[in-house]
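Whenever a hint applies, use it, and build me the whole structure from the sequences.
These protein sequence lines are chains Z and U, in that order.
Take 742 as the starting number for the first sequence in this note's numbering and just add one per residue.
Take 29 as the starting number for the second sequence in this note's numbering and just add one per residue.
Since the hints were derived computationally from the structure, they do not count as laboratory data.
Each hint should be verified, as a subset may be incorrect.
Computed list of lysine to aspartate or glutamate pairs in EDC-like fashion (alpha-carbon distance at most 16 Å, straight line) [said to hold, decoys possible]: (1) U:K62 to Z:D749; (2) Z:K908 to Z:D959; (3) Z:K855 to Z:D832; (4) Z:K822 to U:D104; (5) U:K58 to Z:E751; (6) Z:K973 to Z:D951; (7) Z:K901 to Z:E924; (8) U:K51 to Z:D951; (9) U:K57 to Z:E751; (10) U:K62 to Z:E751; (11) U:K58 to Z:D749; (12) Z:K849 to Z:D836; (13) U:K57 to U:E128; (14) Z:K889 to Z:D903; (15) Z:K926 to Z:D951; (16) U:K51 to U:E66; (17) Z:K926 to Z:E950; (18) Z:K958 to Z:E910; (19) U:K110 to Z:D821; (20) Z:K822 to U:E40; (21) Z:K944 to Z:D930; (22) Z:K922 to Z:D903; (23) Z:K908 to Z:D891.
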Amino acid sequence: MNCIIIDDEETARVIIQQLCSQVEELTIIKEFPNAIQAIKFLNHSTIDLIFLDIHMPDFTGFDFIQTLKNPPKIILTTSDKNFALEAFEYDCIVDYLVKPITLPRFLKAIQKAKTKKTTLSENSSKHISGISSGENDLYINIDRRLIKIDIPTITIIEAKGDYILIKTENQNYTVHSTLKKIEEKLPDDLFLKIHRSYVINIKKIIDIEDNSVLIEKDVIPVSRSNRPELMKRLNLL
Amino acid sequence: MAETPNLIYIKELAAGSDAFEQKLIGIVKKEFPKERDEFLMNYNSKAFSKAAENVHKLKNKIGMFGLESGYQTAIDFEEELKGNNTSLFKEFMLILESIELFVNTL
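Have a look at this one:
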């Protein structure tokens, strides 16, 4: 796990470095005496774990967490027990270490971080494809932001190499994923694959010709093999 | 019997590394007088909320040198200062003095 340390006290940073040096899986990438410098670093770097002091001048640990769009796992390091309750309101916080930190307690926190990693990985396996879904929502991962799309507003999804283009009534999104993966996240009664490169929302069809459908202003090809299923799904007079 | 500062925590942390031990002690020798002076400056100018922040930092050093009862005094004093109460000042200063004397022997 790649880590950073944020603490205004050099003593505290050196102690955490020493504790980390006793755990093979941990690599300290950088350390910061204040949260502002860490924010600048995180704008262009991804890390797995932050050791974060709560009590820092100007910008507290909690202020810092609130600036992160997609926070990594965080272990709080503090000499103040009073913040424990607040700490556990944040999903990203895996443990709360009270200074002076001992090695056994530190190892326990790292174990928790690893366990959390497994949980996050399970969730993020959906994000690896760039997509996760709720009942009526689909979350797509673009530039480390999870953007919510209302599923019924999707009109067309087009395969474009390693990406898919998701067209909605209001906006288009390009996501690193496959048609197969997004099909699994969409309700069968609303969406249908009509061509190897297209999945459509059948409620959005305006008209159908022999080998194509019109959705908004887009003419989408229908492959011969998919046409019978399309016709079956339509409420024909 | 009054507790005295010790290196038990630092030695446990060092796990036999003299280099780490010396590095940490070197940093403490540098940080501690600054933090103490800043605390006294704020305390003497009655900037008690800033002084409480200084106590908060000094508390970590007190804990590092194994002063368990001193650590609790620091916690209480920090809270007191936030309410402009200074009754634990003398007790707290005794703790700082014992650390200063100890650090000077290292």
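Against the structure, the hints:
With a C-alpha separation of about 14 Å, the suggested pair U:K62 and Z:D749 falls inside the 16 Å cut-off, and the hint holds. Distance restraint check for Z:K908 and Z:D959: the Cα-Cα separation of roughly 10 Å lies within the 16 Å cut-off, and the hinted pair is therefore satisfied. The suggested pairing of Z:K855 with Z:D832 holds, with an alpha-carbon distance near 14 Å, which does not exceed 16 Å. Our distance criterion of 16 Å between C-alpha atoms is met by Z:K822 and U:D104, whose separation comes to about 13 Å.
Our distance criterion of 16 Å between C-alpha atoms is met by U:K58 and Z:E751, whose separation comes to about 10 Å. Between Z:K973 and Z:D951 the CA atoms are separated by roughly 15 Å; this keeps the pair inside 16 Å, and the hint holds. Distance hint between Z:K901 and Z:E924 is fulfilled; the C-alpha atoms sit about 15 Å from each other, no more than 16 Å. Pair hint U:K51 plus Z:D951 does not hold up; C-alpha atoms about 79 Å apart against a cutoff of 16 Å.
Using a Cα cut-off of 16 Å, the hinted pair U:K57 and Z:E751 holds, with the two alpha carbons roughly 12 Å apart. About 13 Å separates the Cα atoms of U:K62 and Z:E751, which keeps this hinted pair within 16 Å; it holds. Proposed proximity of U:K58 and Z:D749 is supported: the alpha carbons are some 14 Å apart, at most 16 Å. Restraint check for Z:K849 and Z:D836: the C-alpha separation of about 9 Å stays at or below 16 Å, so the hint holds.
Restraint check for U:K57 and U:E128: the C-alpha separation of about 9 Å stays at or below 16 Å, so the hint holds. Under the criterion of a C-alpha separation no larger than 16 Å, the hint pairing Z:K889 with Z:D903 is inconsistent with the structure, at around 21 Å. Taking the CA atoms of Z:K926 and Z:D951, the gap is near 29 Å; set against the 16 Å cutoff, the hint is violated. Between the alpha carbons of U:K51 and U:E66 the distance comes to roughly 23 Å, so the proposed pair goes past 16 Å and is violated.
Between the alpha carbons of Z:K926 and Z:E950 the distance comes to roughly 28 Å, so the proposed pair goes past 16 Å and is violated. Distance hint between Z:K958 and Z:E910 is fulfilled; the C-alpha atoms sit about 11 Å from each other, no more than 16 Å. The hinted pair formed by U:K110 and Z:D821 meets the criterion: a straight-line CA distance of about 14 Å does not exceed 16 Å. For the suggested pair Z:K822 and U:E40, the alpha carbons sit about 23 Å apart, so the restraint of at most 16 Å is broken.
Simply put, Z:K944 and Z:D930 have alpha-carbon atoms about 10 Å apart, close enough for the 16 Å limit, and the pair holds. Among the hinted pairs, Z:K922 with Z:D903 is consistent with the structure: their alpha-carbon atoms are about 12 Å apart, no more than 16 Å. For the hint linking Z:K908 to Z:D891, the alpha-carbon distance of about 12 Å falls within 16 Å, and the restraint holds.
This entry does not satisfy hints 8, 14, 15, 16, 17, 20, going by the numbered hints stated previously.
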